[in-house]
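Student: Now for the letters of each chain:
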Amino acid sequence: MPDELKVVGHSVPRVDGPAKVTGRAPYALDLTVPGMVHGIAVRSERAHARIVSIDVEAAEAAPEVLAVVTAASVAPLDVRFGHVARDHPALACDRVMYHGEPVALVVARTPRAAARAARLVRVHYDELDAVIDAETALQDDAPLLHPDRVAPLGDAGLDAGAADLTGNLCAESTVGWGDVDTAMAAADLVVEGEYRYPMLYGYAMEPYNAIASFEEGTLVVHSTAQHPYMVREDLARMFGLPLARVRVVVPYVGGGYGTKSYTKVEPLAALGAWVTGHPVRVALSVEEAMLTTRSDGAHIRARSGFAADGTLLAREFDVVMDSGAYTDNSPVVCAKLANRCFGPYRVPAVRVRVRSVFTNTVPASSLRGFGAPQGALAGELQMDEAAQRLSIDPVDLRLRNVVAPGEEILPRKRGIDADLAEDLRMLTGSLGWGGPSAPGTGIGFGLTASDAGAHPTSVAMVRLHADGSASAAVGATELGQGSRTVLSQIVAECLGLPFDRVAILAADTGATPYERTTGASRTTTLVGRSLQAACADVRRRVREVAAEVAGVDASAVVDLPAGVSVGGERWDYAEVLSRWFGAGGELVGVGEVRRAGEFQAMPPFWEVGASGVVVDVDAETGVVSVLQLTTVGDVGIAINPVLVHGQDLGAATMGLGAALSEALVYDGEALANPNVVDYRVPRSSDVPDRLELLLVERRDGIGPFGAKGSGEGALNPIGSAVAAAVGRAIGVFPHELPLTPERVWRLAQERVGDVRT
Amino acid sequence: MSDTTTTAVTGRINGREQTLQIDNADLLLDVLRDLGLRGAKPSCEMEVCGACTVQLDGLPVSACTTLAAEIDGRDVETIEHLDADGTLHPVQEAFLRHSALQCGFCTPGMVMTAKALLEQDPDPSREDVVHWLEGSICRCTGYATIIDAVLDAAEVMRRAR
Ligand code: FES
Ligand code: FES
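Going down the list, the protein sequences come from chains A and B. Position 113 of the first sequence, counted from 1, bears residue number 113 in my numbering, the numbering being contiguous throughout. Converting from the second sequence to my numbering requires adding 1000 to each position, the first position being numbered 1.
Derived from the structure by calculation, the hints contain no laboratory data. Just so you know, these numbers come straight off a predicted model, no measurement behind them. We treat Cβ as the ideally placed atom computed from N, Cα and C, and that holds for glycine.
Covered by chain A, per the in silico footprint, the following chain B stretches (three or more residues, Cβ under 8 Å):
| no. | stretch |
| --- | --- |
| 1 | 1072-1082 |
| 2 | 1088-1099 |
| 3 | 1140-1151 |
Sample of chain A residues facing chain B (criterion: CB under 10 Å; computed from the structure):
| no. | residue |
| --- | --- |
| 4 | Y203 |
| 5 | G480 |
| 6 | Q481 |
Generate coordinates for the entire structure from the input sequences, incorporating the hints supplied.
Tutor: Written out as structure tokens, the structure is:
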């Protein structure tokens, strides 16, 4: 670590550690508000039906019940929300669109009374044809799920794709250049295949919950929101309030991973509060959370054309995403999948079409990786299949095609800010690629590049207090990734303060300045930069007032760690403030990042992924064990190396879940496995014995001190890497995840390929 | 819906004897959280994830599926008790040293499970730790730092003996 950095680059302990190990860290679920009552949703038992009537009398008459809220009962409020298209009703209006959709909210004094009364609500349905499968939904005779389309809001910051949308298309994104057909015709090898990535449940362990109340005309919400400012917009629209009168506060959050992006239960709690006048808590069970948001499953048809020497000539992807009942974030995932599927390679001709399709299933939205894991399953596996068929080492094949630092992956976008060739060499070296391998084992690895950072809008504020300590206000949420720690390190470094003289305020739209999202791995990079600017601003203020007090020109005042030099004399911050204010006071600096200057080119940065595994496959049972996991954290600079390791291992482990066991499964019109017994996430025994979490620090990022984001990259290639490793072990490359024992066993039996291991 | 009945139960919660009026159907987790002991968390609510783990007569139990009535005459210990004397338990210290947490939602349950293990077996192997933690889900960390922390705590506790 370059030694000019005092705090940055060091694994300082997490600021939230003591509160979390003692169980005292408050999550939204732990808060109570005086007078708080409880709302429980009555959920649809149909996948697609017209609501004829809702009988609420019995429930309303039940003990301790305050109200039964329905979309009709709150008219003329429009209960629909959505940041891309406002088509998602908090409570079903005239139709239910999926099994498990909230139809009514019973508000009672206790959760138990609300749950009892909820069972007394009778909904009369007029059943409609439902469509559960995305391919079926695309057919001409499929039932039309959104006959009255809601126009998109047109938020310029969303890379949401655009097309004339007809039928059940929720969104469509295309990417392309060059002459794909001619290139494919001229290719020595065309690899062609279909791939399926499952729909997933992120299982953040704290299920969605919120408390809402109206105080002095302001709607105050405490919730698990990852993006409180986006939730604020939805609520402001719903209740006709100015942004200033909606306050969304986010304490510690029990896991996010993208699942808590955008609006979830906040409108339900707010509607309950609006009707009853009481603060209302809506706290979902895990089963209800599984009925709230999932990720987009993808069916990918892909073709890749190569010259005999392994040079990529053309790639074509046609993807159908199952996006569920409402728009939510699927158009953005659709656009990102289109950008990410063909990989970080130099491809002369590309044709990509991704269609996001409405079905009568749980609405899909964000999940860690955001289209990249789905795309990589096809894109990276085809690199492996081509290598095998051309008898070229898959590392060499990738090295032949991978983009060099600075080279564009997408036309007119920011060139790549990473050295992927070097990352790949490190990765495959660690995995022992090229060495001897035991029978029944296989090595798999992959590369990905994600256009990360989302729209670069971030505003930060730094307050320098009378004792010379500093607090920072940022709207980024602490989901466990350690952002408060990392951001504190950045402030401490910039102001020359010890780490323990800095504090970060939790996200509160009523107090902290605007932050677009906490997603797309952007916090360290973008919030870090706005905070750096805020620190520079407060330092400018310090010099200014010191000069005025001393009666010298501002140029005679020079920054020192934790203070300034005024004509050669050291004044620490406290001294400057005391001379300026006489008593108390504080100096405030603000900083912002916006899409301009060095942040004009999109994406703000690339988040690359280079991960791999060694697996063992038990041929008798089909059980896949991961023996080794290697991740390469190409993060520019690790502001806190231990936290980066945590992100990489955590992300990769989620990827292993998707690769080996996780999938939401529909049985008819209802989810077959809406619980964490039947939906199996990785357990302690799934941790590979050998873990290599490599860090690469080339200071090539746009973030503070050369940083780039992490948190998703390590996950993105995992699905394809595990499939490739299993393929090398059993002799045929699997095309569908998760690789459950049954699926692997069947594949091994049906073995049709001729993979050399 | 049959009406539930209220009974008085007397148990020791974090070393202090308490008599509580509880509903027969009340779950221990809800009762503890209503008492302000909110370290134990509800997540799966079906005895799979371990987020709600507390110790009952020294053994780890899922408070989400334990009836509150069961504490009658017994000892309940929750995460809040571990630093009651102002110092962290060695398991907590080890979790901090190893950065064995991220969102922290699983952490109280993990710490209580690990503590119960080390009380039963002061010298567990890595496999033993993995086995004990199998009923405790962490979605953030990928477990390795947690396993390391538990082994490290075991060593510290052995040395202090
Ligand atoms: S909440 Fe009790 S085990 Fe999961
Ligand atoms: S730290 Fe988040 S679930 Fe374990």
